[in-house]
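Since chain A is already given, all that's left is putting chains B and C on it; use the hints.
These protein sequence lines are chains A, B and C, in that order. Here the first sequence stands for residues 74 to 239, where the numbers follow my numbering. Here the second sequence stands for residues 1335 to 2102, where the numbers follow my numbering. Here the third sequence stands for residues 1102 to 1384, where the numbers follow my numbering.
Worth flagging that the hints you see were computed from the coordinates, not collected in a lab. Hints should not be assumed to be uniformly reliable.
Footprint (simulated), chain B over chain A, 3 or more residues, beta carbon under 8 angstroms [what the hints assert, rightly or not]:
#, stretch
1, 153-167
2, 209-223
If you only want the chain B side, here are some residues facing chain C, beta carbon under 10 angstroms, derived [to be verified]:
#, residue
3, Y2009
4, F2026
5, T2032
In the DSBU-like style, the derived pairs of lysine-lysine whose C-alpha atoms are separated by at most 35 angstroms in a straight line are [to be verified]:
#, chain 1, residue 1, chain 2, residue 2
6, B, K1976, A, K135
7, A, K81, A, K135
8, C, K1378, B, K1976
9, B, K1388, A, K80
10, B, K1775, B, K1676
11, A, K231, B, K1976
12, B, K1636, B, K1775
13, B, K1430, B, K1628
14, C, K1378, B, K1781
15, A, K135, C, K1105
16, B, K1340, A, K231
17, B, K1632, B, K1726
18, A, K231, B, K1336
19, A, K80, C, K1105
20, A, K231, B, K1770
21, B, K1976, C, K1192
22, B, K1781, B, K1726
23, C, K1105, A, K81
Beta carbons: idealized from backbone N, C-alpha and C, even for Gly.
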Amino acid sequence: MTRDASKKMLKIYFELNGEPMYVEIKPGEMLLDLLRRLGMKSVKEGCRTGECGACTVLLDGKPVRSCLTFAAKIKGHRVTTLEGLGSPANPHPLQEAFLETGAVQCGFCTPGMILVAYDLLSRNPDPTPEEVREAITGNLCRCTGYVKIVEAVLLAAKRRREGVWR
Amino acid sequence: MKVVGKNVRKVDGIALVTGQPVFTLDVTPPGAVVGKILRSPHAHAEIVRIDTSKAEELPGVLCILHHGNVPRTPYTTAGQGWPEPSPYDSFLFDRKVRFVGDRVAAVAATSEEIADEALRLIEVEYRQLPAVLVPEEAIGPGAPVIHDEEESRGIHDPQHNVAAAIDIRVGDIERGFTESDVVVETTCEFPYVQHVPLESHCVVAYLDEEDRLVIRSATQVPFHVRRIVARALGVPLSRIRVIKPRIGGGFGTKQEIILEDVAAALALRTRRPVVMKYSRAEEFVAARTRHPMKIRIKLGAKRDGTIHAIEMDVLSNTGAYGTHSLTVLSNVGSKTLPLYNKAPHLWFHGKAVYTNLPVAGAYRGYGATQGYFALEVAVDELAEKLGMDPLKLRLANHIRAGETSPIFEKIGEGRAGKAQVVKSCALEECIREGAKRIGWKEKHGKKTSEGRWVHGVGMALSMQGSGITDIDMAAATIVMNEDGSFRLLVGATDLGTGSDTILAQIAAETLGVAVEAISVYSSDTDFTPFDTGAYASSTTYVSGGAVLRAAQEARRRILEVAAAILGEPPESLDLEEGHAVSRGTGKKVPLSEVGHRAMYVTDQRHIIATASFVAPESPPPFAAFFAEVAVDVETGVVRVVKFVAAADCGMPINPALAEGQLEGAIVQGIGHTLYEELLFSPRGRVRNPNLFDYRIPTAADVPDIEVVLIPSDEPTGPYGAKSIGEIGINGPAPAIANAIYDAIGVRLYRIPFTPERVLKALHGKSMG
Amino acid sequence: MGIKRFHYARDVEEALSLLAAYEGRGALLAGGVDLARGLAPEVEGLIDVTTAGLAGISADGGGLRVGATTTLEAIRRSQEAQGYLGGFLAKVMGHVATLPLRNMATLGGAVVSAHPWADIPTALVALGAEAVWQNEELTEKASVEELYRRPFRAIFRRALLTEVRFPAWDGAFAFEKVARNAGDIALINCACGLGLDGEGKIAWARVAIGATPHRAKRLTAVEDFLTDEAPSEELWAEAAHKMKTEVEVGDDMRASAEWRRSAAAAIVRRALDRAAKGVTGDA
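Bound-form chain A, shown alone:
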């Protein structure tokens, strides 16, 4: 990160995927860029104007656009990215569901999509297909036509109701 002497850097404390973080940021830095430079590559840049949803992360559990969130605003808050949900060795049931139904094609929309689905299911454990579609309206996908994504979320909801969750 190149330094510009006229910028007053900030040090912020926040929680990233359950880990305490204490980092220095530029005053005008966006959360998308901060997260990517901290190694959270699942957070994607798709448009930088908050329309596509590829940058969506959870802030205190709520989906927000990291491309429009000034990093300074997360001071004292909790941020969750897809890396916090599961790993290749230990995928989250939602991630399993996406794999099982074929809901992942190119995978670029997938991180934001899964986080929004996670938020939906934490508030509404038995959504109708329409409720799923409404919840993910803000996450654009150009590959799948959303059909198998909705199937995946409904499958994950079913598993969650059966106790397969974390």
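Then chains B and C, alone, in the frame of chain A:
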């Protein structure tokens, strides 16, 4: 079959679903610098003077490239096999700009901020030239010549801005119409639409430890990138390596050399790794788009409904450069006319014309999409004039297995075509199945209304191709590990389509192992064999053909070693469940023992097999599409209530992935049918280069979609497979147009069918 | 970006004094959606006002008080908004953008940015909502409708919106919007409200149309026309017809004036019908 035909999980799925750093921009070499492009504010101008001195003085600016300090070699940016059937009319940096957004210069700097500042400090003096934004005007008298440079080659008629032209006749078209009892004529229009991949173009270019140029790019065509960058920069091909990581969607816009040439040039000049990416605005303006077209179509038929004569007259807008201009134009006819092969009289003609607008290139469907919009709307009009059910008219006329069309021979991809007989075609069943699922009989012609919504159903057919005959070549290598597992090396490019997975399935089926025993490494020009790339729906059929043959050869070599172990002739052995098994005695040996013995124990050899495949034909997939719409007669809003697609892709290697291709293509097609369109200012600037104003379908916009795969057995395809990647996008525009007619009795000929266009048509003020 | 400093305002006074100190090169930051999308190059300092204690929603008599930095989604989910006018305000929030953006955007931000294509200003104008704001000298309030008649952009260069107050209404409202697809801004929108007297005649009517492409305006001539009349399909049709000559529509990249005029008539009829049904409970 054990593996083929099953919904095997994608081999890259776990990485994608856990957000692993597998995309181009997820790994940046240390010391990387940022590359950015200065773009033209004018639609047509000469660059009189470029002064980069102030920009160069800015600390952190490493180099600035423009026409004055790079080689001047004409090339095409089209990712096609050599000799690319597109004009060589592009330069790394030219002395002229030809559309608002065209390249003027490029900067490499140590940060984005500094690069942006440097762009602002570059002083450019332009001499503006008259610009032409309308294809009819571009070929008219007195139009400014867009490509007046000496060096360009392969332009059909540069003085009249014609990049490409085609004129194909079969039979006697005049006689054909005279002999027809009924004739309809109509013109359909397709505007500028863009692919909108979620990941915009991006690249990392650097020099490796041996001073070779490495390009990591989100590309559909790594081998074409290597060859074309070598040409553009005057670098030996052997000194370039192109790697394709995971890609966030392409749909054809990444079948193109967009950033690789500039990034490579900056990397060579600065000797630093260079990272470049397109902003979303650049992705709209300076990547590629579909070819906007006006297609006039004339159909003549006999009283009994047999189509007797077809004329298609195409005016294609290729934008400022002619990449894919000839081949997309050719495909308008080559992928549509054979569908109705009973007509003995055909005339297919047209031009691809330069304008001072964004560059059109390859986009899923590749001309067939525009062609089917016109053809299938015209067929519906014909049905009405004949007093026939449009479904019955199509059933009576479409091509069937065992048949051919003179068009196969007449139109190739920039060269002569090749005669072929359709060996597999389940289209009739697709039509019947689709009609049943949409409720054709119950709903067509009924104009059911609920309040302000009037319902209607419409249909359309399509065929496409599977690879490019005699031109697309793919190769594959199977490497056996000593533990009985395998590496599959393919040049084939997975852009999220799942090609790594289905190719592994083909190999696994042939070798009698589970897919998990095969690890796939793809699209690295240093380590994987050649493949033309992911386009023309070629991966399953052509790349799959190579994988099949490589696996068969590997199988032969495995059985040779197994035979020695078991003491039985190889012909009596099969490969099953990771073992070589004797059909006669039941004796078996695990592949791990075969591999281990061959690697270390006796008569050592590494069991590896490589095969290439060029397809001698291109068996078409087929599909029947059915749409139910509801039209709000007060506001003109069109809602797609249900969409059915029944498709014949031969044997679906992985049904879930095949369905996914259809579902995605259908929704993409609904987007361009109802709301997608690039809008321009009078001076040629794109007015809506963002997702706020260029709307693509969201999950809440998607109708009830039903896709059904109707299998057929394609004898020439790997395990009977054909292709599925493009065909889905050809259905929505004509099916929805025909459904709107069914609902409100008005025909629309120009997409997108915005509420405005629909309401105007309803009020009878204009058509479309 | 030329941002040199980021401040977390502890209260309104601090926010205002920081803003003044920046002399035009500072910006108040609420949800940040509009600001991040269109940051003016001269802005050097960001003043986060979401830390100034301005979020919260409470019922007030039959009305509602909403703190300026309350997010649109928080309003939508709140019991208070769901209880106000049968959940009308909550439903309007549901029409705006998409969930992740609603988790960021604030009501204050919507009032201050006042995009002509936006949905919330139309609803606020119809509801007679009142904006409360503070500058360094005093606290002011005015109806949003009145505010938009003033040079409000100049006002908010030196002031901070603190609260929006919604009055009680004895009746029902309905909102209609035509857009290209889900999550889109309006090609045209309207918010209509009705109250009935003891005889079932219209005691009061509120009709506001927005995204014409101009910012929302009330059509008082149409409101007067409706008052004292008996609700009926014919009445809505006549009102819509009258509205066609009253409403000012224009062309923009998204739609033409001609289409807007027709569509406005259609959606006003629908909104009036739904509002009437909302009063009688037939919705």
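Hint check:
1. Using a Cβ-Cβ cut-off of 8 angstroms, 8 residues of the stretch 153-167 of chain A lie near chain B, which meets the minimum of three, so the contact claim holds.
2. Counting residues of the stretch 209-223 of chain A whose beta carbon lies closer than 8 angstroms to any beta carbon of chain B gives 15, which reaches the threshold of three, so the coverage claim holds.
3. Contact between B:Y2009 and chain C, as hinted, is supported at the beta carbon level, the nearest pair being about 4 angstroms apart and thus within 10 angstroms.
4. Satisfaction of the interface hint for B:F2026 is found here, the shortest Cβ-Cβ separation to chain C being roughly 8 angstroms, below the 10 angstroms cut-off.
5. Using the Cβ-Cβ criterion of 10 angstroms, the hint placing B:T2032 at the interface with chain C is satisfied: the shortest such distance is roughly 5 angstroms.
6. Distance restraint check for B:K1976 and A:K135: the Cα-Cα separation of roughly 33 angstroms lies within the 35 angstroms cut-off, and the hinted pair is therefore satisfied.
7. Using a Cα cut-off of 35 angstroms, the hinted pair A:K81 and A:K135 holds, with the two alpha carbons roughly 29 angstroms apart.
8. Straight-line distance between C-alpha atoms of C:K1378 and B:K1976 comes to about 30 angstroms, which keeps the hinted pair within the 35 angstroms bound.
9. For the hint pairing B:K1388 with A:K80, the CA-to-CA distance comes to about 24 angstroms; that is within 35 angstroms, so the pair holds.
10. Restraint check: the Cα-Cα separation between B:K1775 and B:K1676 comes to about 26 angstroms, which is no more than 35 angstroms; the hinted pair holds.
11. Pair hint A:K231 plus B:K1976 holds up; C-alpha atoms about 26 angstroms apart against a cutoff of 35 angstroms.
12. For the proposed pair B:K1636 and B:K1775, the alpha carbon gap of about 25 angstroms is at most 35 angstroms, so the pair holds.
13. With a C-alpha separation of about 28 angstroms, the suggested pair B:K1430 and B:K1628 falls inside the 35 angstroms cut-off, and the hint holds.
14. With a CA separation close to 28 angstroms, the supplied pair C:K1378 and B:K1781 stays within the 35 angstroms bound.
15. Proximity of A:K135 to C:K1105 is assessed by CA-CA distance (about 28 angstroms); at most 35 angstroms being required, the pair is judged to hold.
16. Between B:K1340 and A:K231 the CA atoms are separated by roughly 24 angstroms; this keeps the pair inside 35 angstroms, and the hint holds.
17. The suggested pairing of B:K1632 with B:K1726 holds, with an alpha-carbon distance near 20 angstroms, which does not exceed 35 angstroms.
18. For the hint pairing A:K231 with B:K1336, the CA-to-CA distance comes to about 29 angstroms; that is within 35 angstroms, so the pair holds.
19. For the given pair, A:K80 sits about 4 angstroms from C:K1105 by alpha-carbon distance, which is consistent with the 35 angstroms threshold.
20. For the given pair, A:K231 sits about 31 angstroms from B:K1770 by alpha-carbon distance, which is consistent with the 35 angstroms threshold.
21. For the given pair, B:K1976 sits about 27 angstroms from C:K1192 by alpha-carbon distance, which is consistent with the 35 angstroms threshold.
22. With a C-alpha separation of about 20 angstroms, the suggested pair B:K1781 and B:K1726 falls inside the 35 angstroms cut-off, and the hint holds.
23. A hinted pair counts as satisfied when its Cα atoms are at most 35 angstroms apart, and C:K1105 with A:K81 qualifies at roughly 6 angstroms.
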